[in-house]
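Protein chains: 2
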Amino acid sequence: MSFNITDAVAEIKAGVRVIPDFPKPGIQFLDITPIIGCGHLFRQTVDVFKERYTQQKVDAIVAIDARGFIFGSALAYALGCGVALVRKAGKLPHVTYKTDYTLEYGSNTVEMHIDALKPGDRAIVIDDLLATGGTAAAACKLVEQTGATVGEVAVVIELTFLPGREKLAPYEVYSVLKY
Amino acid sequence: MSFNITDAVAEIKAGVRVIPDFPKPGIQFLDITPIIGCGHLFRQTVDVFKERYTQQKVDAIVAIDARGFIFGSALAYALGCGVALVRKAGKLPHVTYKTDYTLEYGSNTVEMHIDALKPGDRAIVIDDLLATGGTAAAACKLVEQTGATVGEVAVVIELTFLPGREKLAPYEVYSVLKY
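Keeping their order, the protein sequence lines are chains V and Y.
So for the first sequence, the numbering used here puts the first residue at 1; every next one is plus one.
So for the second sequence, the numbering used here puts the first residue at 1; every next one is plus one.
Please note: incorrect hints may appear among the correct ones.
Each pair may be met inside one copy or between any two copies, as identical chains are not told apart.
Derived lysine-lysine pairs resembling DSBU-like cross-links, with alpha carbons at most 35 Å apart [to be verified]: (1) Lys57 x Lys24; (2) Lys118 x Lys24; (3) Lys57 x Lys13; (4) Lys167 x Lys141; (5) Lys167 x Lys91; (6) Lys118 x Lys141; (7) Lys118 x Lys57; (8) Lys13 x Lys24.
Hints are computed from structural coordinates only; laboratory data are not their basis.
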C-alpha cells in the first residue's frame with residue numbers, strides 16, 4: 001500500500017487556513033475549505049479515515065450537520081456503508097430521538113431519525129472539528145438511543161487545549177490533525 | 001461495465017420515503033434519508049452521478065448546504081475533484097460572494113468563498129432536490145461570480161410540477177428521479 005499516513009497528514013495540515021476573529025473577535029477559526037476544495041487533499045483526508053476504518057467493523061457513519069456531512073458521506077461512500085444524520089431540531093422529517101446539550105450561552109437540541117441506525121450497529125461519529133465536545137457527546141447519546149454502539153468519534157481537527165476528548169470518554173477519539 | 005443505470009434508478013426510487021405534512025400541512029416531503037442510510041443505495045446514487053460525470057470535464061463540485069453536501073462530497077471523492085460550498089449567510093469564514101434570492105415569503109442570501117473555484121473551472125452544482133430552483137439559480141450565479149462556469153445542475157429528485165428546470169435555463173439539469 002503506497003498510502004503514507006504521515007505524509008498525508010502533513011499535506012492536509014498545510015491546507016488548513018487560519019481566519020482571525022471568526023465567528024467573533026479573538027477566535028482563530030481553522031478553515032478546512034481549502035482542503036475540501038482541492039481534490040487531492042480532500043481525497044487524502046477521507047483516505048486517512050478509510051485506512052483506519054477498513055480495519056474495523058463499521059456498519060454506519062453518523063455525520064454531524066453540516067461540515068460533518070462533507071467528510072462523513074465521502075467516508076461512507078469509500079467504505080460502502082450508510083450515513084445517519086445528526087441535525088438541529090426541526091430539520092429531520094421523520095420521527096426522531098432528541099438530545100439537548102449546553103453551549104457557552106444557552107442550549108441546543110440535536111436529533112436523529114429513530115430508524116437511522118439498527119440495534120447492534122457499530123457506528124463512527126464524524127465531524128470536522130472537536131472543540132468542547134458538546135455536539136459530539138449529544139450525537140453519541142443519540143446513537144445509543146437507537147440501540148447502536150459508538151465505535152469511535154472521528155474528527156479532522158482536534159483542539160487539544162479544550163477538554164473535548166475528556167468529555168467524550170469512555171468513547172475513543174481519533175483526530176487527523178491536533179492543535 | 002456491469003452498472004445498470006435503469007436498475008439502479010428503480011432501486012433508488014423505491015428507497016424514497018414520503019412524509020405527509022412536513023415541513024407544513026399539505027406538503028408531501030420526499031425523504032432521502034433511507035437512501036443515504038443504506039450503504040448499497042447510497043453508493044448506487046452517487047455512482048449514477050459518477051457514471052455521468054466521468055464522461056465530462058469536471059473540475060469541481062459545488063455543493064448546496066446541507067443535503068447537497070452529502071451527495072456532492074461523496075461524488076467529489078468518487079471523481080477525485082474538490083468541493084466548493086454554497087452556504088447561508090454568515091456560515092463561511094473567509095471573504096465571500098453573496099447572492100440574494102426570493103422565497104415564497106421573504107428572501108434569503110447564500111454565499112461562496114471568492115477562492116472556492118478558479119476562473120475557467122467547469123463546475124457541477126449539486127443538491128438533493130430541485131423544486132422552484134431559487135437556491136440552485138443563486139448557486140449558479142455564485143459560480144459565475146468566481147469566473148468559473150456551470151457545467152450542469154444535478155439533483156437526486158426533481159419535482160417536475162414546479163418550474164425549477166425552466167428557471168435554471170439555459171443551464172442543463174440532470175435528475176436521478178422525477179416526480
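Outcome of the hint check:
In the homo-oligomer, the alpha carbons of Lys57 and Lys24 never lie at most 35 Å apart, since the shortest distance is 40 Å inside one protomer and 40 Å across protomers. In the homo-oligomer, the alpha carbons of Lys118 and Lys24 lie at most 35 Å apart only across protomers (29 Å), although the nearest pairing inside one protomer, at 40 Å, exceeds that limit. In this assembly of identical chains, the alpha carbons of Lys57 and Lys13 lie at most 35 Å apart whether taken from the same copy (28 Å) or from different copies (29 Å). Only within a single protomer do Lys167 and Lys141 lie at most 35 Å apart by alpha-carbon distance; the minimum there is 13 Å, versus 43 Å between protomers.
Both within a single protomer and between protomers do Lys167 and Lys91 lie at most 35 Å apart by alpha-carbon distance, with minima of 26 Å and 26 Å respectively. Taking the shortest Cα distances, Lys118 and Lys141 sit within 35 Å of each other inside one copy (14 Å), while across copies they are farther apart (41 Å). Proximity of Lys118 and Lys57 under a CA criterion of 35 Å is satisfied intra-copy only: 14 Å inside one chain copy versus 40 Å between copies. With identical chains, the CA atoms of Lys13 and Lys24 are at most 35 Å apart within one copy only, with a shortest distance of 23 Å there and 44 Å across copies.
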